[in-house]
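Given the coordinates of chain A, work out where chain B with the ligand should sit on it, guided by the hints.
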Amino acid sequence: MNKPIPNSFRQGPDARGRFGPFGGRFVAETLMPLILEVEAAYEASKTDQAFQDEWRRLLTHYVGRPSPLWFAERLTAHLRKDAAPGMGAKVYFKRDELNHTGAHKINAVLGQILLAKKMGKTRIIAETGAGQHGVATATACALMDLPCVVYMGATDVERQQPNVFRMKLLGAQVVPVTSGAATLKDAMNEGLRDWVANVRDTYYCIGTVAGPHPYPAMVRDFQSVIGIEAKAQMQEAEGRLPDVLVAAVGGGSNAMGLFYPFLDDADVAMIGVEAAGRGLDSGEHAAALSRGRPGVLHGNRTYLLQDGDGQITEAHSISAGLDYPGVGPEHSWLHELGRVQYTGVTDDEALAAFQLCSKLEGIIPALEPAHALAEVLKMAPTMPADKIILMNLCGRGDKDIFTVAKHLGEKI
Amino acid sequence: MSRIAQKFAALKAEGRGALIPFLEAFDPDRETAMAILRGMPAAGADLIEIGVPFTDPMADGPTVQKAGQRGLKAGATVAGALGMVREFRQGDAATPIILMGYFNPILSYGVAKFCADAAAAGVDGLIVVDVPPEEADEIAPDATANGLDLIRLVAPTTGEDRLPKVLSATTGFVYYVAITGVTGTRSASTDDLAAAIPRIRKYTDLPIAIGFGVRTPQQAGEASRIADGAVVASALIDGMLASLDAEGRATPATVPAVLDRVRELAEAVRKG
Ligand SMILES: Cc1ncc(COP(=O)(O)O)c(C=O)c1O
Numbered sequence: 000m001n002k003p004i005p006n007s008f009r010q011g012p013d014a015r016g017r018f019g020p021f022g023g024r025f026v027a028e029t030l031m032p033l034i035l036e037v038e039a040a041y042e043a044s045k046t047d048q049a050f051q052d053e054w055r056r057l058l059t060h061y062v063g064r065p066s067p068l069w070f071a072e073r074l075t076a077h078l079r080k081d082a083a084p085g086m087g088a089k090v091y092f093k094r095d096e097l098n099h100t101g102a103h104k105i106n107a108v109l110g111q112i113l114l115a116k117k118m119g120k121t122r123i124i125a126e127t128g129a130g131q132h133g134v135a136t137a138t139a140c141a142l143m144d145l146p147c148v149v150y151m152g153a154t155d156v157e158r159q160q161p162n163v164f165r166m167k168l169l170g171a172q173v174v175p176v177t178s179g180a181a182t183l184k185d186a187m188n189e190g191l192r193d194w195v196a197n198v199r200d201t202y203y204c205i206g207t208v209a210g211p212h213p214y215p216a217m218v219r220d221f222q223s224v225i226g227i228e229a230k231a232q233m234q235e236a237e238g239r240l241p242d243v244l245v246a247a248v249g250g251g252s253n254a255m256g257l258f259y260p261f262l263d264d265a266d267v268a269m270i271g272v273e274a275a276g277r278g279l280d281s282g283e284h285a286a287a288l289s290r291g292r293p294g295v296l297h298g299n300r301t302y303l304l305q306d307g308d309g310q311i312t313e314a315h316s317i318s319a320g321l322d323y324p325g326v327g328p329e330h331s332w333l334h335e336l337g338r339v340q341y342t343g344v345t346d347d348e349a350l351a352a353f354q355l356c357s358k359l360e361g362i363i364p365a366l367e368p369a370h371a372l373a374e375v376l377k378m379a380p381t382m383p384a385d386k387i388i389l390m391n392l393c394g395r396g397d398k399d400i401f402t403v404a405k406h407l408g409e410k411i
Numbered sequence: 000m001s002r003i004a005q006k007f008a009a010l011k012a013e014g015r016g017a018l019i020p021f022l023e024a025f026d027p028d029r030e031t032a033m034a035i036l037r038g039m040p041a042a043g044a045d046l047i048e049i050g051v052p053f054t055d056p057m058a059d060g061p062t063v064q065k066a067g068q069r070g071l072k073a074g075a076t077v078a079g080a081l082g083m084v085r086e087f088r089q090g091d092a093a094t095p096i097i098l099m100g101y102f103n104p105i106l107s108y109g110v111a112k113f114c115a116d117a118a119a120a121g122v123d124g125l126i127v128v129d130v131p132p133e134e135a136d137e138i139a140p141d142a143t144a145n146g147l148d149l150i151r152l153v154a155p156t157t158g159e160d161r162l163p164k165v166l167s168a169t170t171g172f173v174y175y176v177a178i179t180g181v182t183g184t185r186s187a188s189t190d191d192l193a194a195a196i197p198r199i200r201k202y203t204d205l206p207i208a209i210g211f212g213v214r215t216p217q218q219a220g221e222a223s224r225i226a227d228g229a230v231v232a233s234a235l236i237d238g239m240l241a242s243l244d245a246e247g248r249a250t251p252a253t254v255p256a257v258l259d260r261v262r263e264l265a266e267a268v269r270k271g
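Chains A and B, in that order, are what the protein sequence lines are.
Counting in numbering that gives the first Met the number 0, the final residue of the first sequence is number 411, and the numbers go up one at a time with none missing.
Counting in numbering that gives the first Met the number 0, the final residue of the second sequence is number 271, and the numbers go up one at a time with none missing.
If you're looking for bench data, these hints aren't it; they were derived computationally from the structure.
Among the clues, some could well be false.
[What the hints assert, rightly or not] For the chain A half of the interface with chain B, some residues (derived, Cβ under 8 Å), not all of them: (1) SER178; (2) GLY179; (3) ALA180.
[As the list claims (entries may be wrong)] Heads up, simulated DMTMM-like pairs for lysine to aspartate or glutamate below, C-alpha to C-alpha not over 25 Å straight-line: (4) B:LYS65 / A:GLU313; (5) B:LYS11 / B:ASP91; (6) B:LYS72 / A:ASP306; (7) B:LYS112 / A:ASP308; (8) B:LYS164 / A:GLU42; (9) A:LYS386 / A:ASP220; (10) B:LYS72 / A:GLU313; (11) B:LYS112 / A:ASP306; (12) B:LYS164 / A:ASP13; (13) A:LYS386 / A:ASP264; (14) B:LYS65 / A:GLU157; (15) B:LYS164 / A:GLU36; (16) B:LYS72 / B:GLU86; (17) B:LYS65 / B:ASP28; (18) A:LYS405 / A:GLU157; (19) A:LYS230 / A:GLU72; (20) A:LYS116 / A:ASP47; (21) B:LYS164 / A:GLU38; (22) B:LYS270 / B:ASP259; (23) B:LYS65 / A:ASP308.
We put the beta carbon where it would ideally sit given N, CA and C, even for glycine.
Chain A extracted, bound-state conformation:
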């Protein structure tokens, strides 16, 4: 690409909320004053020591941070078996699946709910796909005594039953959304519609690095705790930085959280793994960067799955958390600059990686990071044995056991 390379990949967004041409604030006027209010509150929170201390306290004592860095020794040995002599990179996991509530989502949720309280909001809404963000939001709302409404596509309500029940136990109201394909995109539409109708008392807690500015930057900043920890932990374990980072990309928050602190470390390569569903050329996937083109949806300009008339097309993935036709705008920018490589992993490859990880490492991963792992399985054997791969194991698979059992033809 013949775009000028910036001095730093960590400058975005600009004052308009743009990462290069991507991002922005494409919302109806009713919401515009609200997102300006969120932006002002978020900016103020950055230098508010009490706010920062409280967020850190919750991360340490409630979430259980820092999450461990784990050398996946058996997996590494397994991959070396079939590799050429001297080949087979060392594989590390950043274990955000050990967080309270089982995924990285809680990191940004706690930051946002503290912000909502600071703004005097008395009602929280969220959208969810896999249900991890919904569970995290319901959890934070239980802890902070706020009513919580979670919009979830009816299709996802079906395939993520354990999380639906979890949210109910936590006191949240789960609203199934039946419009469109009844998945994450449609849940986000309903979230935005609720917000338009309840602007005065409601805070919309977005689950990924998408939506209008300041959400992509704010969620990234909160999730960056992943990459900041990993950087220090890797120095301690290996005395150097990893060679490659790998993360699954739905909206892209776990990936941005890992990547962002490393963006200016030129020797660290980065791979974002989109869901290729039934194959990148099957028409049934969620690979916005690999197969989409830029457009505007949910408040920002970014790569989208769309038809020739600019109508958004349905995504497909076995993983509800990756089943989204867009991607966070910062990923679109990093993609065009070539700083991060984006690739796709199919449903079947993810299922195989899910099982392998369970058997070799005793860790049942969520289907989302199973996509990242499938990419690791492909690349590690092609890299010299002294190279290091760091993968974001951003969620655990408890929520997915019913889906996986069904695909394996087993009844539980």
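Showing chain B with the ligand alone in chain A's frame:
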């Protein structure tokens, strides 16, 4: 003077406000939508708003969402909506037409080409719901270059600090979104409207139309007197829906069902 400005000036001389009915392009099919569009001026429409369907209309309530889905199913595209306007203009040179929609289909069509083709087809103004003043440079230069009015939404949440910014970017008329909410869900009270409109008038001499939640002839009459016009969408679509057959297809009753409602609304607006 643009068709929109001429129309509002003429209505002012008449001493009444405008009735601005809405229809979704290709809902429930092109031919029926075209017949409704053609019949609207005679039924009393002063200006007409045509919705351009989008898969993800974030400001629309269930009624308009479903109208959009029916439109898309019937083959609606940006080009198709422009084609409807072109055909309408063959028989009507006076009634202003405003296209209302979301940005992505326009972006996909090409913003410059869209504005040029819209103007050539006989469109007078645009309402692009998800392009607020902060993103205006995405479309304003091309709209202006082609003589299209860019009609902005003002909401109850638009504070005094933002009003000058929003209004200075507006041409044609101001669209006051009467409720914080999506289309077709609830209605603003007369008192709320009576307080809101003067607040906007402080900053603009442009005509103001009220939309979102204007359903009955009485509400349309009131809104057109408090402001300078009333936009009615969901109530017309609901009326049309009741006339469709079990498979959602138009029947001989469909076009009259919509136009009869337009007539009732127009009567209330004219009563003064
Ligand atoms: C475990 C897990 N990983 C990844 C994702 C995808 O989101 P993101 O790309 O924002 O990390 C989800 C979303 O639900 C998730 O639950």
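ask   = Hint by hint, which ones does the structure fall short of?
value = 3 and 9
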